[in-house]
Amino acid sequence: MQVCFEVNGRDVEVVVEPRLTLADCLRHHLRLTGTHVGCEHGVCGACTVLFDGNAVRSCLILAVQAEGSKIVTVEGLSKDDGLTPLQASFRRHHALQCGSCTPGMITTAHALLSAEPDCDADRVREVLSGNLCRCTGYVSIVEAVLDARAAYKSGAS
Amino acid sequence: MKMPPFDYACPATLPEALALLSAHDGDAKVLAGGQSLVPILAFRLAAPKLLIDLRKLGDLRSIKITRDGISLGAMVRWCDIESDIRLRTAHPLLVAAVAHVAHYQIRNRGTVGGSIAHADPAAEMPGIAVTCEAEIIAVSKAGTRIIRAADFFQGALTTALSSDEIIVEIRLPAWPAGRRWGFQEFARRRGDFALAAAALFYDGDASSKAANAHVGVIGVADRPLRLPSVEAVLNGATIDAAVIAKAEAATAAAINPDSDIHASGAYRKALAATMVERALKMASG
Numbered sequence: 001m002q003v004c005f006e007v008n009g010r011d012v013e014v015v016v017e018p019r020l021t022l023a024d025c026l027r028h029h030l031r032l033t034g035t036h037v038g039c040e041h042g043v044c045g046a047c048t049v050l051f052d053g054n055a056v057r058s059c060l061i062l063a064v065q066a067e068g069s070k071i072v073t074v075e076g077l078s079k080d081d082g083l084t085p086l087q088a089s090f091r092r093h094h095a096l097q098c099g100s101c102t103p104g105m106i107t108t109a110h111a112l113l114s115a116e117p118d119c120d121a122d123r124v125r126e127v128l129s130g131n132l133c134r135c136t137g138y139v140s141i142v143e144a145v146l147d148a149r150a151a152y153k154s155g156a157s
Numbered sequence: 001m002k003m004p005p006f007d008y009a010c011p012a013t014l015p016e017a018l019a020l021l022s023a024h025d026g027d028a029k030v031l032a033g034g035q036s037l038v039p040i041l042a043f044r045l046a047a048p049k050l051l052i053d054l055r056k057l058g059d060l061r062s063i064k065i066t067r068d069g070i071s072l073g074a075m076v077r078w079c080d081i082e083s084d085i086r087l088r089t090a091h092p093l094l095v096a097a098v099a100h101v102a103h104y105q106i107r108n109r110g111t112v113g114g115s116i117a118h119a120d121p122a123a124e125m126p127g128i129a130v131t132c133e134a135e136i137i138a139v140s141k142a143g144t145r146i147i148r149a150a151d152f153f154q155g156a157l158t159t160a161l162s163s164d165e166i167i168v169e170i171r172l173p174a175w176p177a178g179r180r181w182g183f184q185e186f187a188r189r190r191g192d193f194a195l196a197a198a199a200l201f202y203d204g205d206a207s208s209k210a211a212n213a214h215v216g217v218i219g220v221a222d223r224p225l226r227l228p229s230v231e232a233v234l235n236g237a238t239i240d241a242a243v244i245a246k247a248e249a250a251t252a253a254a255i256n257p258d259s260d261i262h263a264s265g266a267y268r269k270a271l272a273a274t275m276v277e278r279a280l281k282m283a284s285g
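Taken in order, these protein sequences are the chains called A and S. If you're matching positions, the first sequence starts at 1 in the numbering used here and goes up one per residue. If you're matching positions, the second sequence starts at 1 in the numbering used here and goes up one per residue.
In case anyone wonders, no lab produced these hints; they're calculated from the structure. Certain hints may be false.
[Said to hold, decoys possible] Restricting the straight-line Cα-Cα distance to at most 30 Å, the calculated cross-link-like pairs of lysine-lysine (DSSO-like) are:
| # | chain 1 | residue 1 | chain 2 | residue 2 |
| --- | --- | --- | --- | --- |
| 1 | S | Lys64 | A | Lys70 |
| 2 | A | Lys153 | A | Lys70 |
| 3 | A | Lys70 | S | Lys281 |
[What the hints assert, rightly or not] Simulated coverage check for chain S against chain A, where a stretch passes if three residues somewhere in it have a Cβ under 8 Å from a Cβ of chain A:
| # | segment |
| --- | --- |
| 4 | 6-15 |
| 5 | 102-116 |
| 6 | 170-178 |
| 7 | 184-198 |
Note that the Cβ used here is the ideal one computed from N, Cα and C, for glycine as well.
Please put together the full structure from these sequences, using the hints given.
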């Protein structure tokens, strides 16, 4: 089936089987390999992307369901080649080790801070509970997200 | 884990969706938010020939609150319930239960109708439907059926829905101001399915005795349960520590959960009783 949608501000058109997930479509058809695939059944959160502004698991959405939608992946968060304040905060706080979960953490945290720049640590932990890190990084991840709130409040995100 | 092949249709109207479903005679599945169906396909526990996506049926996304009760369109998402300020007074028990549904990303996609149709015995929405005596509105080419929640859930992942029917709406009876309620759930990790949870409410009569008690539990049987023997303990009683202890014991006596990989039956029985105890403390506090 032919599907047209927008990815990171660019219109794309792909021909896919209906059973193809949006995650696999992004990675294999559009070569946007920043979106990671972990469990492929909606548990780990690594494949989180923004779908019309909402954080969603791209392994639980069919590519054909994206018709007409606006998708933002981790590659689309930065307007230039530099890191966003959230990404810089992850680096500063050592909020990643192997990096496998990081794209999902960043996209989820970006959605949260865009909607709720005043959120507290409990809210950050609740929202990130759907993203698994197996390196042991949660404390520094939560600190990185909390530290990035200032940029979202000031609109520098 | 890749899904088996299927065809995909995205009808613009409900009659079109019903015609497609009926024409495929049991070989088609309805796709709402996909947060339960897609994992089932990924595990290849189902292999439908056709998926019928309801995303263009905007009429199924409305939340209506009237004097008669609350109508949730089948495509209402968990995040829609969380962000609807009216529901915090119109049905606080529903809002409290939905806060326990899965994770942030899943709450942005998962739907009320999808959860009801999926009928996981540990899921919150079927539990609320049974506890609150909801009606499930199902349509097919033949017409509309109104199914009581008590009759709808028939076993794990098994419902009264026919293969040619689509759930369009869930109706919850009106929630009077001043009603006492409690919801308590225990899961090992936040967002996991409940090992056990309790949803309950009661109204107070003039002498502050409980009346119209409704007590439901999830995660302890092959479907959500209402517990009439616990309700009988509460009705006509002042909800104090002694009555709560009696209700806790009555809960344990009323259920007989199986053991599984997540917990032993004895543990779930004790846990469900504790959830009822805590929910009653919450309601009466």
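Evaluation of the provided hints:
1. Only pairs whose Cα atoms come within 30 Å are accepted, and Lys64 of chain S paired with Lys70 of chain A is accepted, the gap being roughly 28 Å.
2. For the hint pairing Lys153 of chain A with Lys70 of chain A, the CA-to-CA distance comes to about 24 Å; that is within 30 Å, so the pair holds.
3. The suggested pairing of Lys70 of chain A with Lys281 of chain S is violated, with an alpha-carbon distance near 46 Å, which exceeds 30 Å.
4. Three residues within the 8 Å Cβ limit are the bar, and the segment 6-15 of chain S against chain A gives 4, so the coverage statement holds.
5. Three residues within the 8 Å Cβ limit are the bar, and the segment 102-116 of chain S against chain A gives 7, so the coverage statement holds.
6. Evaluation of the coverage hint for the segment 170-178 of chain S: breached, as 0 residues show C-beta separations to chain A shorter than 8 Å, against a requirement of three.
7. Counting residues of the segment 184-198 of chain S whose CB lies closer than 8 Å to any CB of chain A gives 3, which reaches the minimum of 3, so the coverage claim holds.
The structure does not agree with the numbered hints 3, 6 stated previously, though it agrees with the rest.
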